[in-house]
Structures are given as C-alpha cells and as structure tokens.
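Line order of the protein sequences matches chains G and C. Under the UniProt record's numbering, the residues of the first sequence are numbered 1 to 344, in order. Under the UniProt record's numbering, the residues of the second sequence are numbered 1 to 344, in order.
Any given hint could turn out to be false.
When chains are identical, the list treats them as one kind, so a pair holds in a single copy or across two.
Unchecked claim - Dumping the calculated DSBU-like pairs for lysine-lysine here, alpha-carbon to alpha-carbon at most 35 Å:
#1 K54 with K127
#2 K127 with K26
#3 K26 with K72
#4 K328 with K26
#5 K72 with K54
The set of hints was computed from the structure by calculation and includes no laboratory data.
2 protein chains.
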Amino acid sequence: MTSLSTNRPPRVTIREVAHRAGVGIKTVSRVVNNEPNVAPATAARVRAAIDELKWEPDAHASNLRRTTTRTKSVGLLLGSVANPFSATIHRAIEDIAIHRDVAVFASSLDDEPEREIAAVEAFVRRKVDGLILTCAAHSQAYLTELVPPEMPVVFIDREPADFAADTVHSDNVGGAELATRHLLGFGHRRLALLIDRREIWTARERERGFLAALAEFGVSADTATIVADLSDQDAAERAVTTLLSVPDAPTAIVSGQNLITVGAVHALRRLGRHHDVALVGFDDVELADLLEPGLTVVAQRPQEMGRVAADRLFASLDTGHRLPPAAKVIPVDLIPRGSGEIRP
Amino acid sequence: MTSLSTNRPPRVTIREVAHRAGVGIKTVSRVVNNEPNVAPATAARVRAAIDELKWEPDAHASNLRRTTTRTKSVGLLLGSVANPFSATIHRAIEDIAIHRDVAVFASSLDDEPEREIAAVEAFVRRKVDGLILTCAAHSQAYLTELVPPEMPVVFIDREPADFAADTVHSDNVGGAELATRHLLGFGHRRLALLIDRREIWTARERERGFLAALAEFGVSADTATIVADLSDQDAAERAVTTLLSVPDAPTAIVSGQNLITVGAVHALRRLGRHHDVALVGFDDVELADLLEPGLTVVAQRPQEMGRVAADRLFASLDTGHRLPPAAKVIPVDLIPRGSGEIRP
DNA sequence: TTGAAAGCGATACCAA
DNA sequence: TTGGTATCGCTTTCAA
Numbered sequence: 001m002t003s004l005s006t007n008r009p010p011r012v013t014i015r016e017v018a019h020r021a022g023v024g025i026k027t028v029s030r031v032v033n034n035e036p037n038v039a040p041a042t043a044a045r046v047r048a049a050i051d052e053l054k055w056e057p058d059a060h061a062s063n064l065r066r067t068t069t070r071t072k073s074v075g076l077l078l079g080s081v082a083n084p085f086s087a088t089i090h091r092a093i094e095d096i097a098i099h100r101d102v103a104v105f106a107s108s109l110d111d112e113p114e115r116e117i118a119a120v121e122a123f124v125r126r127k128v129d130g131l132i133l134t135c136a137a138h139s140q141a142y143l144t145e146l147v148p149p150e151m152p153v154v155f156i157d158r159e160p161a162d163f164a165a166d167t168v169h170s171d172n173v174g175g176a177e178l179a180t181r182h183l184l185g186f187g188h189r190r191l192a193l194l195i196d197r198r199e200i201w202t203a204r205e206r207e208r209g210f211l212a213a214l215a216e217f218g219v220s221a222d223t224a225t226i227v228a229d230l231s232d233q234d235a236a237e238r239a240v241t242t243l244l245s246v247p248d249a250p251t252a253i254v255s256g257q258n259l260i261t262v263g264a265v266h267a268l269r270r271l272g273r274h275h276d277v278a279l280v281g282f283d284d285v286e287l288a289d290l291l292e293p294g295l296t297v298v299a300q301r302p303q304e305m306g307r308v309a310a311d312r313l314f315a316s317l318d319t320g321h322r323l324p325p326a327a328k329v330i331p332v333d334l335i336p337r338g339s340g341e342i343r344p
Numbered sequence: 001m002t003s004l005s006t007n008r009p010p011r012v013t014i015r016e017v018a019h020r021a022g023v024g025i026k027t028v029s030r031v032v033n034n035e036p037n038v039a040p041a042t043a044a045r046v047r048a049a050i051d052e053l054k055w056e057p058d059a060h061a062s063n064l065r066r067t068t069t070r071t072k073s074v075g076l077l078l079g080s081v082a083n084p085f086s087a088t089i090h091r092a093i094e095d096i097a098i099h100r101d102v103a104v105f106a107s108s109l110d111d112e113p114e115r116e117i118a119a120v121e122a123f124v125r126r127k128v129d130g131l132i133l134t135c136a137a138h139s140q141a142y143l144t145e146l147v148p149p150e151m152p153v154v155f156i157d158r159e160p161a162d163f164a165a166d167t168v169h170s171d172n173v174g175g176a177e178l179a180t181r182h183l184l185g186f187g188h189r190r191l192a193l194l195i196d197r198r199e200i201w202t203a204r205e206r207e208r209g210f211l212a213a214l215a216e217f218g219v220s221a222d223t224a225t226i227v228a229d230l231s232d233q234d235a236a237e238r239a240v241t242t243l244l245s246v247p248d249a250p251t252a253i254v255s256g257q258n259l260i261t262v263g264a265v266h267a268l269r270r271l272g273r274h275h276d277v278a279l280v281g282f283d284d285v286e287l288a289d290l291l292e293p294g295l296t297v298v299a300q301r302p303q304e305m306g307r308v309a310a311d312r313l314f315a316s317l318d319t320g321h322r323l324p325p326a327a328k329v330i331p332v333d334l335i336p337r338g339s340g341e342i343r344p
C-alpha cells in the first residue's frame, strides 16, 4: 500500500470566500457572526460568495479561538427514555430546543447513582451548553467540581441535595394527599401505599402526603401498610398479592408511580379483586380510561414540566450566566375513572 | 458594568505537559493517541505529567487538524421520542452506545419530510459519527450530498428510497398477512384495514400483506374497506365510528399502527361494539392484556430492532467505512388475547 | 468600516 | 524512538 491518500475532501475555507467576495477574512467572519461595522453592500457580497461556494464555517476551528463557545447542544438525564413519563418530558424539551437549533442528548439512568455521575461527565466532556437532570444520586455535591461554573443546570422531577439550581417538579405531597383524601372520603380506613425506594425523593414526598392525609382524617398511621422498594412492575404485582392475602387486608391502595400502578392492576385482575379493592395511581398511564373499572389517577403534567424546565434553561443561557435558583411546582390533577371510587 | 472579564480559566496545554515530562509535544500527542514508537519509560513519564497537571486534550484543537475525527456521538431520527415504539428503539440503541462511551442525539420527525432533512443537517453539522434513521421523506437521495461518504447510515423501521444503506425493519408484509389470516380463519369475510398515510413505507407494506391474505382466502378486495391517512388517535376513532355506521359494515378490523389501535379501541368501546367487532392491532400497546376483551396484536420487537441497528452501525464504525448495505428483517409475533378471536 | 498579522491547541510530516 | 516545524480554519487584536 503506497498512497494512504488522506482523501480529505477539498474543503471550502473562509479564505476562499473572502477572496471571492473581494474582502478580507475578518469581514467574512464579521458577517457570519452578525458583528457590527459591516457596510450593507459588503455584507451582501459576502453572503453571495458564501452561498455560491456553499461554505460552512468549521465549528472546531471557530470554537478553538472563541472565548464563549456554544455547541448548541444540551444534555438530558432521565429515568429512562423508554418510560412514558420521561419520554413526554423529553419530547417537550426537544420541541423548545429545536426552535433554537439546539440538539438534545438524552441518557437513561435507571435510578442508579453511578450512572448519573457518568452521564454528567460524558456530557460535560462533550461541552454541552446546559444540563437538565432527574437526579438519582443521594447528593449532587459532585456537580460543583464537575460542571463549569457558568453552565446552567435545571433539575426536573426531583429536588437535588447539596447543590443549588433551578428545580421543576410536580406537587408530590399535594398529589398524594389528594389521592389519599379521595379514598378516605369514600369511607376507606385501611389503606396501603406502594412506593419506590425511599432514596428517591418523589417516593419520600408522596409518602409524606399520604401520611398527612391520614392524619387529617384522624386515621392512625398504624392502620396503614406502606410497602417501599418497589422499583418495577413485577415487584409491585407481588407486593399487592401478598398485601391482600392477610386478614384485615387494606381495602384501598395508593400507588406511587406508573410502573407500580400497572403491576398493581395486574395483581388485582389476577386475584379477581379489581371491582373490590380501590386503587388510585400517581401519574397517568395509557389506556387507563378503557380498563374495567377505569383507572383513577393523580395525573402529572410531564409536558408542562419539560416546557418549564427548558424555558428556564434557555433563559439562563440567554443571559449568559446562571440565574438565581428558583423552584417551580407543577400542579397535578385527580382524574376519577372508577377504580378510586369503589367503597370498602 | 466595567470589566467584561473574559474569565478564561488558565488552560493546561500540551506544551506544558511536554515541558514537565521533558519531551517534545509530539511525543505527548503520541502517548494520548496510543500511537506506536514510544519507549515505555517515556510514555510513563508523560502519563505522570498528564495526571499531575490534570491535562485534558482540547477536543476542538484535536479535531481541527485530525483527518479522522470522532465525536463519539450518533444521531437518531425517530417518529417521536414520546411514542412507545420509538422510545423502546431509542433505549435499546442507547444501551449499546453507552458501552462504547458514545452519546445519542435524538430527534422527533412526526413523519414530516422537511424535518428529516433538517435533522440530518443538524446532526451532520455537529459531526456525529453515524446516523440511524426512520425516514419520513419520499426519497433519501438528499443524503448523498448531505452526508460525508464515509459516515455510516442505518435505516430503521422503514426502507429508504434512492439511497443504499443498511436497513432494519419488521416483517411488515408477513405481520399484516398473519393478522388478516387470523381474522379470516375465524370466519370473517368483511374486513377493514386502517392505515397511516401511504407515503409511509410501513403503511404500504402492511396494506400489501392485508391484500395478500385476502387473495389467499379467495376473498375479493372489493369486499374490504381500506381507510388510509390516519395519522393520529382521533382520526382513527372517527374513522371506526364512520366505518361501523353503514349497512354491511366490516365485522373485523386490522389496525396498522399503535396510535390507530388505541383510537379504534376507544371507538369500539364508545359504540359498545367491543365484544362484537374483532380487532387485531399492529404493534403492541401497554395494558393491552388488561382490556376487556384483551387486545390481540401482532407485536413488533422494537428492542431487537434497535439492538440490531446499533450493532450494524458500530460494525461500520469499527471497520472505518460503510459496510456493503444489508437488510435485516425482524420477525413479528401474533399475541391472541381476545379481541382478535371474536367470530362474526 | 476594514483587513493584516498573531495566535488558539492540537496533529501531520519529515528529518534527525 | 524522537521532536521541530508547518499547518488546520477560524477569532482576536490592533492599526489603518
């Protein structure tokens, strides 16, 4: 083998454009970067030359010398891109980003703390302009040294610890209260709560709301069963099966998350108890209205969450630095469809 | 405001590392790029200097001069990141990419041709290493001039036109045949097919399969109703309502896509015909097994599709050039759950 | 309003 | 096995 032919395609450079337009390269640079002090006629000639030559500025070359470099990309950390809740957030963010010609990197964490850090590292290394993250780790202190001080960060769905930044999340306490109060209002006194691992902030918040509603109705927490550590559908299904097999079993269930809800519905159906045990799920699921009975849920607004988070991120990006951290709480909506209106 | 302070952090450069290690910069370059011809002792000294100075090579500077530049990112074009089918593909690809430290950009096209081209442009401009795309445009000829000749491209879910590259898709014709044959086997003779716009390749393929099965059973295509241009749930719901309002209405429905299936189920329920009109959907949907009757579907294997597509992309990337285009057809699975086993 | 010259931080080539 | 030097394509600086 002799000619290892670099085969580099004959790139069009700024120099050729400048020559074609009969100006200096600095003037071409001014035009493409919308800098002031270019005569309209000159700018027009330059633009014509750019079009004729089909020149595209080389991003690497620009960013090399530039002080404030933008990759026009953002990093998004989610539970899983395959989870409908996360996917809806993702789409909402993409819809805002695309208007600004910003591309979105997404990464699935599966609630594993190490993956959160690895993903942040990976995105920072790729020099994303900003980060939107659903945190999985116990503390976000690591962000202080990992993320450049001017890079905007927005937390979505969960509040961070040891790191101050914008946060957007559902009214978890209020939503769980609403669900629980709804069941209590229908006469239930033996309730169960099914939640994910307590390391997860939303699980803790929803538990707080559940307990607050019980207290409000003067129902002792001792009469309630709380099953935690339910991180997938199968675990939830097994938990409900066990739950209902004991004497004085709960007559109503609050599910703390969409996967748990689906698992619970499966269990109730298999046991033939779906017309008998009340169920309210946190977060809506597809086809919930077509089940028999319809599935009552406290619906979140993932699209709104994504939109608000993206707006906030771009606001920081526009001002050129992080805005003072603010927290935005998104309301939830109780949707009665049948399963939550069953009496004990 | 006075000091617009560039605030550029004092960057560590390769020069300082070379000085510290007592070598030339080219030797440092050799070490970080694992090039041959470096004495082990020298390499060790260089590595020590890199660690001490915490030097990280500047990606922009490297990529500027480098001929074969890798950003360790790939672009993924999907129907919508919020559609469960697309989202599952996305996740499968991410799971493979992450092992190679490759990040994934995703873009939702909503089946709009212009967005396909815009998304490809956006990704090429960001110098992704490869592209996986569900095409929405009529022709992919544009890729020839838009995409660098060595950049690997894999089509997923749909076959491209006017551009040869790897393709991964379901057995659409076979799947539609399977669904239709299933209904014909239960005695149905007046069938309806609900599909998306015929510009979409999968819609055309599934129509072919539907017609083939009819022919196989000696049923004239004239007795069948084909409703096309159904691109969302509402349209499907309306179509089914209209469909069943005429005399000699179809007794069985084949739905060509997940959104259409959900719309059809809604219509049947609203009309109270769900125990009466048979339905087989293409592509599985969440909770399908808990409906009454259960929803019979021809399930696709989105996870397998994503995995195969990603494997193929990385195989091309590993060899350093596009592999000869190959087509991989992924099997589908008929899952009988009740709605497809209703007799006329 | 304009442009010439001096980098930016790495890689490529070639001589030592 | 090494390292000097010429780039890479653009932004910055500064003088015209």
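A quick look at each hint next to the structure:
1. K54 with K127: both (27 Å within a copy, 17 Å between copies)
2. K127 with K26: both (26 Å within a copy, 25 Å between copies)
3. K26 with K72: both (23 Å within a copy, 32 Å between copies)
4. K328 with K26: neither (45 Å within a copy, 51 Å between copies)
5. K72 with K54: both (21 Å within a copy, 27 Å between copies)
Hint compliance for this structure: hint 4 alone is broken.
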